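Each chain is listed here by its residues.
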Amino acid sequence: MNGALVTDLGFALVRYRVLVILAVTFSVASIWVPGFFSAGTLSLSLDRAATMGLLAVGLTVVLLAGQLDLSGGAILAVAGITAIGLQESMGQIPAAFVGVMVGVLAGGLNAFLVVVLRINSLVATLASMLFIRAVGHYITDSRPVSGIDPFFGLTVSRPIEGTITGRSLLFLVAIVVLHFWLTRTVSGRNMFAVGSNFVSATASGVRSRAYLAGSFVFSGAMAGIAGVIQSLSVNTGSPVFGESIVLTAIAAVVIGGTRLEGGRASAGGTLGGVLTLGALTTAMEFQNIPAYIQQIAAGLILLLLILLDQLVSRRNSRDVGLRSLVRRMKALSRPHQEKERKHISHEN
Amino acid sequence: MTEAMPPVPVPVASRVLAQSGLTRVRGWIGLPAGVVLVLIVGSILSDKFLSVSNLTNVLISMSIVGLIVVGMTFVFISRGLADLSVPATVGLGGILVLGLQPSLGSLVAGIVGVLAAAVAGFINGGLIGWARVNPVIATLAVGTIVLGVAQAFVGGVIVYGTDTATQDFINSRILGGVPVIVLIFLSVAALGHILLSRTTIGRYTYAVGSNPAASEASAVPVKFTRAFAFLLTGALGGFAGVILGLSLQTARPTLGIGYEFDAITAVVVGGVSLLGGVGSIPRAMSGLLFVQLLTNIMVLQGVPSPVQGIAKGAMIAGAVALDVYLRRRGGTQ
Amino acid sequence: MRTRTGLGGLIAIAALTLTAGCAAETATTTDTNAATADDTVAVAEGGEVCYITAAESHPYVTPANEAIDEAAAAAGLTVIRLSQEFDVQTGTDQMNTCIGRGSDAIILWPLDPQAYIPGLIAAKEAGIPTIIINSPMDDEALELVASFTGPDVYEEGQLAADSLNEALGGEGSVVIIAGQAGNGTTIGRTDGFTDRLTELGSNIEVLQVVNADFDQQKALVASRDLITRFGDEINGVYANDDTMARGFIDAWKEAGLDTAALPPIVGINGQADAFESIKAGEMLSTILQSPYEDGKLALETVARLIAGETVEKRLPIKLTVINSSNVESEMPAF
Chain A
1 MNGALVTDLG FALVRYRVLV ILAVTFSVAS IWVPGFFSAG TLSLSLDRAA TMGLLAVGLT
61 VVLLAGQLDL SGGAILAVAG ITAIGLQESM GQIPAAFVGV MVGVLAGGLN AFLVVVLRIN
121 SLVATLASML FIRAVGHYIT DSRPVSGIDP FFGLTVSRPI EGTITGRSLL FLVAIVVLHF
181 WLTRTVSGRN MFAVGSNFVS ATASGVRSRA YLAGSFVFSG AMAGIAGVIQ SLSVNTGSPV
241 FGESIVLTAI AAVVIGGTRL EGGRASAGGT LGGVLTLGAL TTAMEFQNIP AYIQQIAAGL
301 ILLLLILLDQ LVSRRNSRDV GLRSLVRRMK ALSRPHQEKE RKHISHEN
Chain B
349 MTEAMPPVPV PVASRVLAQS GLTRVRGWIG LPAGVVLVLI VGSILSDKFL SVSNLTNVLI
409 SMSIVGLIVV GMTFVFISRG LADLSVPATV GLGGILVLGL QPSLGSLVAG IVGVLAAAVA
469 GFINGGLIGW ARVNPVIATL AVGTIVLGVA QAFVGGVIVY GTDTATQDFI NSRILGGVPV
529 IVLIFLSVAA LGHILLSRTT IGRYTYAVGS NPAASEASAV PVKFTRAFAF LLTGALGGFA
589 GVILGLSLQT ARPTLGIGYE FDAITAVVVG GVSLLGGVGS IPRAMSGLLF VQLLTNIMVL
649 QGVPSPVQGI AKGAMIAGAV ALDVYLRRRG GTQ
Chain C
682 MRTRTGLGGL IAIAALTLTA GCAAETATTT DTNAATADDT VAVAEGGEVC YITAAESHPY
742 VTPANEAIDE AAAAAGLTVI RLSQEFDVQT GTDQMNTCIG RGSDAIILWP LDPQAYIPGL
802 IAAKEAGIPT IIINSPMDDE ALELVASFTG PDVYEEGQLA ADSLNEALGG EGSVVIIAGQ
862 AGNGTTIGRT DGFTDRLTEL GSNIEVLQVV NADFDQQKAL VASRDLITRF GDEINGVYAN
922 DDTMARGFID AWKEAGLDTA ALPPIVGING QADAFESIKA GEMLSTILQS PYEDGKLALE
982 TVARLIAGET VEKRLPIKLT VINSSNVESE MPAF
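Protein chains in written order, with our numbering: chain A, 1 to 348; chain B, 349 to 681; chain C, 682 to 1015.
Bear in mind the hints are in silico, worked out from the structure with no lab data behind them.
Given the structure is predicted, the values throughout are model-derived calculations rather than measurements.
Every clue listed holds true.
Calculated lysine to any residue pairs in the SDA-like style (CA-CA distance at most 20 Å, straight line):
1) C/K934 - B/T512
2) B/K396 - C/A936
3) B/K396 - C/L938
Covered stretches of chain C, as calculated for chain B (at least 3 residues, CB under 8 Å):
4) 733 to 741
5) 901 to 907
6) 934 to 945
A virtual CB, placed ideally from N, CA and C, is assigned to each residue, including glycine.
So here's chain A without its partners, still in its complex pose:
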């Protein structure tokens, strides 16, 4: 019966929604941008999103743990300022290293606020965001700092052998490492447990508070790396860098299927989300589409993905036929009646 085919198709579309949305965006982009699939343009798309992507990798872990980190942009700025500002006294590589350490330190601050002082992570990272951003302004007197050699940073933003840029490569490596960690290590699996149910994870012997702290330190470190890379590529450190990058990165992570409630995350998903937004920006710029239309498109994609995410229930239900979708929408509003679902899977 045709109903079965439609149901299966619907099921596949929603389950692999990240891939679907990525494919759709790429298709639209290739229509708009002649030669979109040329290596040069794809590389541009990727590079455009690479800095945001590095942040997204860190945020994936934080969101997996059921927390939020709004301070990434501020950390990015201060890490960049440090990496550039110390170049004269230390040399470029050591200064870059110190910049990343600044990110780790900032992550530690967040960990302290959330795990030790038990402040809610939304509020805690809002506070640290304000604090760190202000520190950035203070140490630079609100003026950008210039580095000693603009050519040094070109290695980061130049295509290597005509393919992808240095920072894109860094981002992809980070994704692979994240994927490996999430799926094949014990600590990765433990993080899933901590994110889904803090209490029972602790009960089964996981040091959940340490994992939470670790997620913030990791996110801070990634923001630090992103900041150093970004500042090196323009040979400038500025207290106003990274002002809107965190929310975009969160959007990318959520588009990729990671939930804010914790317990679910995927490196591939984050990659898909980042690429989708990167392709969107590049394609729309090529078409001379104004920034505010880009915003609408990005917002709609985000909205679509989070609604689809709500439809795919938290317990991996296989059934995404239309009637059962409607039933589940209603069931979502009445949480005590979710046991209805058991009967649904036989319906078509």
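For chain A, the structure is supplied; the task is to place chains B and C on it using the hints.
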């Protein structure tokens, strides 16, 4: 969503009611005492601090954020976490009131602005109350779309207004020197307080925030109550945008940037918890006043405004850490 | 399931990238243009200009953007306009987009004197002629571009200093409401002002410099603070542009102070509302610079570059001091 740890397991009723006597008193006088302290410190540091003109300036700078704070208080108390679409609704209000001013006149254009922002708030409410989407991400998504739509409406440029009469009125002072803008703010705050403390929807808001499960079992319309908080914040954002637009007679899409974090700062410092169930409009306003007075002291001392974030960040962390500490103390009794 | 989606995602991406690498080259015709742009073959009509502007909606920038569009239409060129929205990072990324597009020329509106240098190096290596509009960059950047068109912001600061110094008779204290921190225009206009005061041997003291990002609303908030802090110690105000001067006037009125008691205010741009303020006695003077000329000159310069001509390294636009003596006879810039 972002609960660092599971809430300290306490019987439901005690979290709201049975704090120890000392804790309650501490909670009650803590903030007003803080405000008095700031006033004293401020007047020591600068002789301009306690002047009428300076304090009036503080009230004026509070007024727009204050409108947002009213809505954000509802959001916090109903455990709606936060509304990040504020820049969008404020921008929408400002752009619409000036964009439609030539054809509809300031008053009608303003009403349209507020209604449009209320629609955005309604969408937020639907997503959060009914579709149970996480409020942070829902308001983020809706805000992005709404701001884009607002800009598309005027073709992405700055909107200029021409109604100097309304502008002068809003920026003027009546009743012996009270700025109109402060009166508007105080009226809205008063209405908000009455709504929250004396009406049914207010009681529902507290119920939903402190114990969603019990509320669902009883007759409280949980979904509607959660949605209402966001509808209100959206409308208030639009109203704030309208007032801002009329007082400046120019509107850029960036009009509302930063107000959401200022509002959250004020609410948090005022002791309204993110976990819901406690707080009130007067407390949120005390928090706002405290933050603004502190900012004013920093300004008078010549601290550049981007650097003031050091104090604000520390204040938020301090206020919430204290609140968490007191709640845990109160709860274990 | 999530492992599968993740792995599926990775495989899909890998497949796409491999396909792209193996796919036949589908470069646009503009790529080949970029490759040959450094020999003298003229690519006059139908060329593409990649214009990285400061913002879409700003009192000065918007008319400049429009002027570029008009001039391009007249010259038979197409303009791709990318807006930085006052964010330097976005601008540096957009440089890459322009180079990737293989445009025939780039017009860059720099928001920072240094940050775009790596991008300019890349543009030069790709053989795409680039000019800078309106806002200056450091000398090493100027070597990488074909020309810098636009007002002399340092001179604007000097003219403002002359005007204010004369009005105050060389005595008093002033506040400076500066533009976006680190922006070349801000630096030029502010340094020009302070240097000139020293040069004149003036006793004018600068109480404070605040940054208001060329935005009226931010200037209002900053001015509120200035008025709170200094009150009637403020004998004069120098704003890096008229929009911020307006912010100060708004703050003054908001504080309930009498507009007749406003200190002399000097702005820059020559906007219509500044003209009205000068006529009403609220502002002392402004330095007129036309955004239309600014944009038009930039586009005409790249048109010449695309046609293979060489252009002068520095192409200024006219500046006029407007005060009560000539406000009736001159026209506002926009």
